[in-house]
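A.B. asks: Which chain is which? The protein sequence lines are C and B, in order.
For the first sequence, position 124 matches number 124 in UniProt numbering, and the numbering has no gaps at all.
For the second sequence, position 291 matches number 291 in UniProt numbering, and the numbering has no gaps at all.
Honestly, I wouldn't trust all of these hints.
[Stated by the list, open to error] Rough simulated footprint, nothing fancy, chain C against chain B, three-plus residues with beta-carbon under 8 Å: (1) 33–41; (2) 265–279; (3) 294–301.
[As the list claims (entries may be wrong)] Quick list of in silico lysine to any residue cross-link-like pairs, SDA-like style, CA-CA up to 20 Å: (4) C/K287 / B/R282; (5) C/K299 / B/H296; (6) B/K318 / C/K299.
I should point out that these hints are in silico values taken from the structure, not numbers from a laboratory.
No experiment lies behind these values; they were computed from the predicted model shown.
Glycine included, C-beta positions come from ideal geometry on N, C-alpha and C.
There are 2 protein chains.
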Amino acid sequence: MNSSASSTIKKKRRQQIDINTLGQQLIQGNITALSRGITLVESENSNHQQQAEQLIEYCLPHANKSVRIGITGVPGVGKSTFIEAFGNHLTSLNKKVAVLAVDPSSSISKGSILGDKTRMEDLVKNKNAFIRPSPSGDSLGGVAKKTRESIILCEAAGFDTILIETVGVGQSETAVHSMVDFFLLLKLAGAGDELQGIKRGIIEMADAIIINKADKDNVKRAKMAKTEFQRALHLYPPKASEWIAKTATCSAIENKGIDTVWEMISDYVSQTKANNYFEANRKEQNKYWLIQTIEHHLKSNFYQRKNIQNLLDELLQKVKEGLVSPFSAAAKLLDEYKKLK
Amino acid sequence: MNSSASSTIKKKRRQQIDINTLGQQLIQGNITALSRGITLVESENSNHQQQAEQLIEYCLPHANKSVRIGITGVPGVGKSTFIEAFGNHLTSLNKKVAVLAVDPSSSISKGSILGDKTRMEDLVKNKNAFIRPSPSGDSLGGVAKKTRESIILCEAAGFDTILIETVGVGQSETAVHSMVDFFLLLKLAGAGDELQGIKRGIIEMADAIIINKADKDNVKRAKMAKTEFQRALHLYPPKASEWIAKTATCSAIENKGIDTVWEMISDYVSQTKANNYFEANRKEQNKYWLIQTIEHHLKSNFYQRKNIQNLLDELLQKVKEGLVSPFSAAAKLLDEYKKLK
Chain C
1 MNSSASSTIK KKRRQQIDIN TLGQQLIQGN ITALSRGITL VESENSNHQQ
51 QAEQLIEYCL PHANKSVRIG ITGVPGVGKS TFIEAFGNHL TSLNKKVAVL
101 AVDPSSSISK GSILGDKTRM EDLVKNKNAF IRPSPSGDSL GGVAKKTRES
151 IILCEAAGFD TILIETVGVG QSETAVHSMV DFFLLLKLAG AGDELQGIKR
201 GIIEMADAII INKADKDNVK RAKMAKTEFQ RALHLYPPKA SEWIAKTATC
251 SAIENKGIDT VWEMISDYVS QTKANNYFEA NRKEQNKYWL IQTIEHHLKS
301 NFYQRKNIQN LLDELLQKVK EGLVSPFSAA AKLLDEYKKL K
Chain B
1 MNSSASSTIK KKRRQQIDIN TLGQQLIQGN ITALSRGITL VESENSNHQQ
51 QAEQLIEYCL PHANKSVRIG ITGVPGVGKS TFIEAFGNHL TSLNKKVAVL
101 AVDPSSSISK GSILGDKTRM EDLVKNKNAF IRPSPSGDSL GGVAKKTRES
151 IILCEAAGFD TILIETVGVG QSETAVHSMV DFFLLLKLAG AGDELQGIKR
201 GIIEMADAII INKADKDNVK RAKMAKTEFQ RALHLYPPKA SEWIAKTATC
251 SAIENKGIDT VWEMISDYVS QTKANNYFEA NRKEQNKYWL IQTIEHHLKS
301 NFYQRKNIQN LLDELLQKVK EGLVSPFSAA AKLLDEYKKL K
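All chains should be built: construct the whole structure from the sequences, respecting the hints.
C.D. replies: Here's what the structure looks like:
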């Protein structure tokens with residue numbers, strides 16, 4: 001055996017040991033190990049990705065024991081202030097809180113959510129809280145995968161309440177909705193037209209709509225907004241969880257109504273654990289991510305081919321001009337793809 | 001040249017001539033040719049499918065000049081009676097009306113929509129109307145493709161108003177919505193809870209909600225339902241078409257309010273032609289069907305593989321038991337697929 005081969009083996013063994021050690025430290029609640037684990041998960045390096053996969057398999061048996069809460073709302077609604085107040089309330093109840101984010105747009109908008117930890121001055125110093133800025137990346141699929149794997153690591157490290165923040169302006173709500181147990185929409189009282197500007201589908205997803213900034217001279221308007229949303233929620237068909245979406249007002253800055261939000265979520269958890277939706281939903285979500293990942297790869301493998309791109313452009317033009325039907329254009333593209341494989 | 005080869009050539013030439021002749025007759029408005037064309041489109045025989053493709057390419061330059069209207073509503077709402085009244089009204093305005101259906105469930109439920117032409121006694125005898133029962137088939141994709149190609153043939157044959165019926169109980173609404181210009185939801189006045197039981201998303205798709213059976217002692221209730229739906233429609237964000245969804249009542253059986261529905265649709269057409277949405281939407285729909293068809297094939301090519309099915313079952317079980325993460329399960333499946341190709 002030459003020395004290079006032996007060093008490769010040693011290196012491999014060391015990496016193997018590293019991951020096991022890291023995993024062990026992580027499940028003992030070591031925050032540095034958790035941070036290192038998430039860094040592995042977020043790395044684009046293929047060696048790191050392999051290690052991340054090992055780490056996740058190591059952690060999986062210790063994960064899953066938490067409540068995962070999605071929190072969304074447009075910029076300006078006070079998400080950071082709410083998460084700070086909510087997180088501190090949870091730790092005062094002896095909970096261990098991890099805060100993650102799904103924000104694929106951050107690299108473009110620069111206003112990365114959770115990027116500025118100083119926005120959560122108290123929570124960041126709280127030893128029972130773990131805040132991780134949003135992972136970088138342009139594709140929602142990639143960012144969502146990183147966040148979802150980070151959830152597993154946080155849970156294995158003993159965090160029992162996971163808050164996942166998202167900005168209510170993209171497709172990220174669906175992704176977050178598909179990785180949480182409870183989906184919370186933060187809103188502000190508007191000038192009478194509270195229902196304008198809500199993205200299609202977000203209200204349907206919400207398990208609770210919380211009107212924030214119900215303070216000072218805004219209390220009355222917030223209460224009116226709450227009533228209006230409550231009425232709107234009645235228009236939707238019942239949820240598979242059998243949970244009836246709730247509304248409430250709160251003031252994150254004055255720390256009012258935060259306890260009510262947690263009570264609401266606790267009720268939800270008891271109710272959906274009793275009717276078995278909680279577990280069933282998590283299994284359904286796992287299946288969703290498996291299928292999503294496969295289909296994403298199948299599609300990108302097709303669309304990334306140069307020949308396909310060219311032919312697609314050409315045929316789209318012909319379809320546009322009414323020279324080819326969309327179905328025969330599709331058949332031509334699939335024939336071409338068969339030849340490429 | 002032996003006689004068999006020569007007969008093959010003759011046969012091919014004859015088929016070629018047949019399709020051209022059929023196309024010629026069809027664009028002259030020959031109903032028998034139209035029916036034969038649709039039969040080709042609906043055939044599962046691969047030879048017929050090739051001919052159908054030729055016929056469609058032949059007809060495409062003559063198609064596209066029509067208003068395509070989707071009509072949905074749960075069984076019992078009076079779709080047939082409405083279509084009969086509406087169709088007769090349209091022909092009285094010198095329109096040529098074709099009625100098609102998308103109903104993938106018909107083979108199971110047996111209650112095929114449009115299957116029983118006798119339900120439209122007058123319209124079926126009307127020489128400016130063409131009624132075609134729903135195509136058979138279990139997969140929505142297949143049935144939708146047939147319907148969409150039939151639209152092209154009907155338009156080439158000079159039909160300027162295409163009504164596409166669907167039962168509001170499956171996924172077929174999205175398919176129909178993606179092949180029409182205007183989407184009409186038929187409803188009944190209920191006992192105060194008019195908004196219950198509406199499938200998610202259907203109201204959002206509707207360009208008009210028409211409360212049918214506004215006759216006899218039901219008129220008042222129908223008007224109340226109209227008001228309630230109008231209020232619900234306000235809760236939705238504005239449509240890309242800039243069209244504000246309308247509500248109305250009608251009695252198909254007493255032939256009341258039918259003219260209002262057509263006026264509504266005419267307004268929609270003028271408005272969306274003026275703001276260029278009408279054309280843009282049709283182009284978008286063509287693109288949608290092209291992409292849909294491709295992705296449907298990519299997926300079924302993956303899931304149909306026996307090896308993939310077995311591995312998927314195995315991995316889903318492991319994901320369920322928390323032994324494998326959905327992402328690494330997906331990676332394993334994609335590796336296996338790569339080997340198969």
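A.B. asks: A separate judgement is required for each hint: does it hold in the structure or not?
C.D. replies: We went through each hint and held it up to the structure:
Requiring three or more residues with a Cβ within less than 8 Å of a Cβ of chain C, the coverage given for the region 33–41 of chain B is violated, as only 0 such residues are present. By the rule of at least three residues with a Cβ nearer than 8 Å to a Cβ of chain C, the coverage given for the region 265–279 of chain B is violated, with 0 such residues. Coverage of the region 294–301 of chain B by chain C holds in this model, with 5 residues showing a Cβ closer than 8 Å to a Cβ of that chain against a need of three. A threshold of 20 Å between alpha carbons decides the hint, and for C/K287 with B/R282 the separation of about 35 Å lies outside it, so the pair is violated.
Pair hint C/K299 plus B/H296 holds up; C-alpha atoms about 10 Å apart against a cutoff of 20 Å. At roughly 25 Å between alpha-carbon atoms, B/K318 and C/K299 are farther apart than 20 Å, so this suggested pair is violated.
Of the hints listed earlier, those the structure fails to meet are numbers 1, 2, 4, 6, in rising order.
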